[in-house]
Amino acid sequence: MSHDHAHHEHGHHDDHHHGSEISPVEARVRALESLLTEKGYVDPAALDALIELYETKVGPHAGARVVARAWVDPAYRARLLGDATPAIAELGIGGRGGEHMVVVENTPEIHNLVVCTLCSCYPWPVLGLPPIWYKAPPYRARAVIDPRGVLADFGVTLPETTRITVWDSTAETRYMVLPMRPAQTEGFSEEALAALVTRDSMIGTGLPKGIPTTPLEMPV
Amino acid sequence: MTDPSPTNFAAPWEAQVFALVVSLREAGLFTWSEWADRLGRQIRPADGPERTADYGAWLTTLEAILAERGVAGPESVAARTEAFLRAAEATPHGQPIRLENDPLYRP
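Chains A and B, in that order, give the protein sequences. Here our numbering is used: position 50 in the first sequence is 183, and no number is missing along the way. Here our numbering is used: position 50 in the second sequence is 202, and no number is missing along the way.
Don't read these hints as lab results, they were simulated from the structure. Quick caveat: nothing in here was measured; it's all calculated off a predicted structure. Where is the CB? At the ideal position from N, CA and C, for every residue including glycine. Incorrect hints may have been included.
As the list claims (entries may be wrong) - So these bits of chain B aren't anywhere near chain A, every CB distance computed over 10 Å:
{"#": "1", "residue": "198"}
{"#": "2", "residue": "220"}
{"#": "3", "residue": "234"}
{"#": "4", "residue": "258"}
Claimed, not checked - Where chain B lies over chain A, by a calculated footprint (3+ residues, C-beta under 8 Å):
{"#": "5", "region": "169–180"}
{"#": "6", "region": "302–310"}
Please take these sequences and the hints and turn them into a complete structure.
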C-alpha cells in the first residue's frame, strides 16, 4: 500500500475500494507497451490486431486441415513430407513461427514425438501457441530421456515394436506430426476427418480420436 | 482440441506480452533464434532449477533485451509500472485504466 493511503482510516474512505485493480505483472506489461509506443517501436493498433488474430484464428484446427488433406490425397501427402512449408501454404496456412516446418509421419513402425528442449519452439501457424506442459521442464527433459513414459502419462500405449523418434524443434525448424489415419474412416469427408485430429496427435503426445470398431460398440 | 476458437492465452497480459515480442521481432530488434537463445538462458538460472518457458519468462526475457539494447532501462520500466498501479487505483472500476489517471501524472 502506498504512503498516500496511509491516512485512510478504516470505514471512513471506503470509496478507494471502487478503484480498479491490476496485478504487478499486468502493470509491468502495460508499462512496457506504453514506453515502447512512446518510442515508436510498437503500434497499439497493430498489437490489438495481432492479439485478435491469435485469440480467434490461429489454432490446431489449421493443422487438422493439413492432416486431413494428407490422408485423402497421396500426392499432397508426398509434397507435405517432402517440403512441408510450401505444401502447408497451399492451404493458405503459414506465416510467423512457421517459416520452416517439417512434417514427420507416424507409421506402425515409427511414432514421432515433438519437443523443444531449449524453450518452447512450436509451429504456430498449424498448431497455435503451445500448451503450458509443452513449455515446462518435465516435458522438455523427459520427452528425450523417457518418451515411452511420457506417452504413458498422456494415456498413449504403443506396441513394443513401434519405435519412438523424438524431434527437437528450434526457432529455425519446427516439427509437426502427421498421425496415422484411424481405421474405418473410408469414405469420411475431409472435414469429418479433420474433426478427428487432435492438437496432441500433431505433437505426438496423442492419437487421433478413435473410431468405434463396430456399430455394436457405439453407445446406445 | 480442434475447437475453432483457440485458447492460446490464460490472461490478457499474456497476449500483450506475446504481441509485443512478435512486433519487436518484426521491427528487427531481434531474430527468433536470438529470442529462443535468450529465453532458453532466462529459464535456466544459475542459482536454481529450470523453469517453464511461460509468458512470465517471456516478459523477463523481453525486459532484459530492452535494457541491454538501451530501449527501456529497469528504472524507467519500474517508474512506469508504479504509475500504472497508481492510475489503476484512481480509475473507477470498469473504466479503462489510462496513465493520465495517475495522480502524479505529468504530460
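Evaluation of the provided hints:
Residue-level check passed: residue 198 of chain B sits 16 Å from the nearest beta carbon of chain A, beyond 10 Å. For residue 220 of chain B, the non-interface assignment is confirmed: its Cβ lies about 14 Å from the closest Cβ of chain A, beyond the 10 Å cut-off. At roughly 8 Å from the closest C-beta of chain A, the C-beta of residue 234 of chain B falls inside 10 Å, breaking its exclusion from the interface. Listed as outside the interface, residue 258 of chain B is consistent with that label: its C-beta sits roughly 14 Å from the nearest C-beta of chain A, beyond the 10 Å cut-off.
Residues of the region 169–180 of chain A with a Cβ under 8 Å from some Cβ of chain B number 7, which satisfies the need for three, so the listed coverage holds. A count of 3 residues in the region 302–310 of chain A with a Cβ less than 8 Å from any Cβ of chain B is obtained; the coverage claim is therefore met, three being the minimum.
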